[in-house]
Amino acid sequence: MNQKTNSLRLMKTGAEILWDCLEREGVEVVFGYPGGAILPTYDEMTRHPTIRHVLTRHEQGATHMADGYARASGKVGVVLATSGPGATNLVTGLGTAMMDSSPIVCLTGQVPTTALGSDAFQETDTVGISQPVVKHNYLVTDVDELAFTLKEAFHVARSGRPGPVLVDIPKDIQLARSSETWPEPPISLPIQRGKATPIDRDCVERFGELLTAAERPVILAGHGVAMSGSVDTLRAFAERHDIPVAITLLGKGGFPETHPLCLGMMGMHGGAAVNQAIQHADLLLALGMRFDDRVTGKLASYAPHAKKIHIDIDPAEIGKNVPVELGIACDLREALDTLVPAIPATTHSPWRDQIRAWQGEADERDILRQPPSEGPLLAAEVIDALCRVTGGQCINVTDVGQHQMWEAQYFPHDHPGTLVTSGGMGTMGFALPAALGVKMARPDQEVWAIAGDGGFQMTMAELATAVQEGIAIKIVIVNNGYLGMVRQWQEFFYEQRYSATPLLSPDFCRIAEAYGIPSVRVSQRDQLTAAIASVQAHAEGPILLELVVEQHDVVFPMVPAGSDLDTMIRRPKATTEAAP
Amino acid sequence: MIHRQDPLTPRPVLVSAIAEARPDLLSQVTGFLRKRAFRDTRVTLGTTEHDHVTRLTFALASQGEAARLVRELRRVLYVLEVLDHSQGAVVARDLLLVKVSAGPTERAAIAQVCEVFRARIVNVAPGSVIVEATGNDEKLDGLLSVLVPYGIEEMTRTGPAVLGRSDEAVGKDLAESSWRARLMQATPPH
Ligand SMILES: Cc1ncc(C[n+]2csc(CCOP(=O)(O)OP(=O)(O)O)c2C)c(N)n1
Numbered sequence: 001m002n003q004k005t006n007s008l009r010l011m012k013t014g015a016e017i018l019w020d021c022l023e024r025e026g027v028e029v030v031f032g033y034p035g036g037a038i039l040p041t042y043d044e045m046t047r048h049p050t051i052r053h054v055l056t057r058h059e060q061g062a063t064h065m066a067d068g069y070a071r072a073s074g075k076v077g078v079v080l081a082t083s084g085p086g087a088t089n090l091v092t093g094l095g096t097a098m099m100d101s102s103p104i105v106c107l108t109g110q111v112p113t114t115a116l117g118s119d120a121f122q123e124t125d126t127v128g129i130s131q132p133v134v135k136h137n138y139l140v141t142d143v144d145e146l147a148f149t150l151k152e153a154f155h156v157a158r159s160g161r162p163g164p165v166l167v168d169i170p171k172d173i174q175l176a177r178s179s180e181t182w183p184e185p186p187i188s189l190p191i192q193r194g195k196a197t198p199i200d201r202d203c204v205e206r207f208g209e210l211l212t213a214a215e216r217p218v219i220l221a222g223h224g225v226a227m228s229g230s231v232d233t234l235r236a237f238a239e240r241h242d243i244p245v246a247i248t249l250l251g252k253g254g255f256p257e258t259h260p261l262c263l264g265m266m267g268m269h270g271g272a273a274v275n276q277a278i279q280h281a282d283l284l285l286a287l288g289m290r291f292d293d294r295v296t297g298k299l300a301s302y303a304p305h306a307k308k309i310h311i312d313i314d315p316a317e318i319g320k321n322v323p324v325e326l327g328i329a330c331d332l333r334e335a336l337d338t339l340v341p342a343i344p345a346t347t348h349s350p351w352r353d354q355i356r357a358w359q360g361e362a363d364e365r366d367i368l369r370q371p372p373s374e375g376p377l378l379a380a381e382v383i384d385a386l387c388r389v390t391g392g393q394c395i396n397v398t399d400v401g402q403h404q405m406w407e408a409q410y411f412p413h414d415h416p417g418t419l420v421t422s423g424g425m426g427t428m429g430f431a432l433p434a435a436l437g438v439k440m441a442r443p444d445q446e447v448w449a450i451a452g453d454g455g456f457q458m459t460m461a462e463l464a465t466a467v468q469e470g471i472a473i474k475i476v477i478v479n480n481g482y483l484g485m486v487r488q489w490q491e492f493f494y495e496q497r498y499s500a501t502p503l504l505s506p507d508f509c510r511i512a513e514a515y516g517i518p519s520v521r522v523s524q525r526d527q528l529t530a531a532i533a534s535v536q537a538h539a540e541g542p543i544l545l546e547l548v549v550e551q552h553d554v555v556f557p558m559v560p561a562g563s564d565l566d567t568m569i570r571r572p573k574a575t576t577e578a579a580p
Numbered sequence: 001m002i003h004r005q006d007p008l009t010p011r012p013v014l015v016s017a018i019a020e021a022r023p024d025l026l027s028q029v030t031g032f033l034r035k036r037a038f039r040d041t042r043v044t045l046g047t048t049e050h051d052h053v054t055r056l057t058f059a060l061a062s063q064g065e066a067a068r069l070v071r072e073l074r075r076v077l078y079v080l081e082v083l084d085h086s087q088g089a090v091v092a093r094d095l096l097l098v099k100v101s102a103g104p105t106e107r108a109a110i111a112q113v114c115e116v117f118r119a120r121i122v123n124v125a126p127g128s129v130i131v132e133a134t135g136n137d138e139k140l141d142g143l144l145s146v147l148v149p150y151g152i153e154e155m156t157r158t159g160p161a162v163l164g165r166s167d168e169a170v171g172k173d174l175a176e177s178s179w180r181a182r183l184m185q186a187t188p189p190h
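Respectively, the protein sequence lines represent chains U and H. Sequential numbering of the first sequence, starting at 1, is according to this note's numbering. Sequential numbering of the second sequence, starting at 1, is according to this note's numbering.
None of these hints come from the bench; they were simulated from the model. A portion of the hints provided could be inaccurate.
Think about it this way: if two alpha-carbon atoms lie no more than 20 Å apart in a straight line, the pair counts; the simulated EDC-like pairs of lysine to aspartate or glutamate are [unchecked claim]:
#	chain 1	residue 1	chain 2	residue 2
1	U	K320	H	D84
2	U	K320	U	D337
3	U	K75	U	D20
4	U	K320	H	E72
Computed from a predicted structure; not experimentally measured.
Produce the complete structure using the sequences and hints provided.
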């Protein structure tokens, strides 16, 4: 044997390097789907038994699982897919992770470098297609650069404002050999240089001035609170300075909703009193949130009396939608740790009294104050029952639509990470696969996937994944026979022309049965609690609960898109609702 | 029809970015401009004193758009530095190549015009000449308006390339943080 072949033997293939890197990163599970261009990597997988591979039924499912896994574990979720259709199937999941700042790394096979650009079988410009929906991506064209690229990919995914990263690896690179393995020096990125706001004396002074001068302050708590580990810090801040806290959809769990200072969710389907408080506030402290249009309503009239302080880790978010008096681009926890102790405590009881009056008025309109004793189940009731039976001690993963908003309104979350949902992208089909990822990250926790009849049918093929992998999640379908949220818009804004929203569904219980999954269907009020309890008690493997609810129910209140935040369509008060 | 700036349009606001010379930088940048809805932006790419670093210059219609671009560019990973030129003193130059119809009788007059504008005739054909000029927007607009009556056959005009006037050299330490440099640092050649 000559020297050259000998040293080649000592070198590793790209596929070996890839798995070595995943091991070095501490990856425990990979969600994927094989195919020609990724086969060398799948072949090598057999020699790396410490990493569990979950075979999904669609690559979109793999991305949502990795996303759910990442959100629940705080680690990077990993996806493996083949070139062409495998890679294009990732796009929705990448976009979903991008919008909600979820760290995932997708590794895709690609046609050999020699065939790139030739319309080879299953060739697609994966880097080009994914570019707008990833934080960063790479095409590896030299096996010597693979290890470094992978290490950097993981670093990029989780650093700063986290997000999805894609690494496209041609087949010949997976087979080529290199002696380059894990680079030891820590990765440093240009992005880490000099773009954060220094929290210096000026900054502290300005923060103090604004805070002390405020009579009607409101904290707006977003996803960044939990992501930066600021839950306790925020709570101490709100309590010490006596400031009411409004939360975004993804901010749920960042501040306990049963806390007296918690106002609840803001925005399009937020509480009426919450939006009123924001519109009347004289200071908004926006913490780890980004003034999404679903949160602000019409920008021109948003919180017109309020000065704004905005703290977010992403400098590009500061001043993007809403002009601010003080913008601080910085890790939220670092910022609060420095700023808060420097400012003397404050109290705002007249302001809280005013908000309490608004809340009282809103409560009178609440559907749960006037539950019907007959007729179909209401979605609000079933969510409320779910909350009572579980005692809120579970992680909910919701899909997108009316049920998502009802969950947000009727299921208070007191702990970070107990609601996982697609907020920024609003991706139907998210709940089932994401819940599987969440459960894998938190096997000790009870995990409920809550979906509508529409969204569930988008990714229900992943039931097979749940069974094959023995993942014991609880699946709730809130079945209203419509694409409910779209039906609601048609009812309000399109003169009740229900174009393409009535929805035929299969018998969900028989679908479950075909997969060997036990199921329960409930349409009667008196069976609701017992049914949820029986589903909760089921310990072995997945279980499905179909809740048949009122078809024409509407999520109140609602701020029509583009309207002032306190221009809300409200549920009529009980007394005026006498007529059927 | 020739494309030239309406004399009433305000001068463009210039922003430069120093970026890693990724092989797909051009598509990344155009993709970025589309994603962030910058619709009327001229962009010029140029090599720099460092092999692994590219310099981009953007010409924008307003101060507000320039500020937005600066903010958005800063979150792009392959961008190492962003320079907002709206305040600082800079040298900015576009390159213009224009083919003007000119028979033997017009050539001399065009040559005279070129002299005034410090442009050059770089090609002569029986019925036309090619004029080359570099300069800022105003100068090139001025030159073109004088050449129009002769008949513009063809032209191409680049966006601006920009350098700051001061002694300060912004790109100096940036090359070290380019992808290639980071790679070399992490995995030195054996
Ligand atoms: C992938 C995708 N397609 C379309 C939409 C638009 N959309 C938003 S909510 C909704 C209806 C959802 O219906 P369903 O899943 O039955 O839930 P419901 O609103 O009835 O609770 C639709 C179609 C979307 N958000 N995602």
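Hint check:
1. U:K320 - H:D84: It holds: about 17 Å lies between the C-alpha atoms, which stays within 20 Å.
2. U:K320 - U:D337: violated, 25 Å
3. U:K75 - U:D20: OK: K75 (chain U) and D20 (chain U) at ~17 Å, within 20 Å.
4. U:K320 - H:E72: Roughly 9 Å between the alpha carbons, so the hint for K320 (chain U) and E72 (chain H) holds.
Against the hints set out earlier in the document, a violation occurs for number 2 only.
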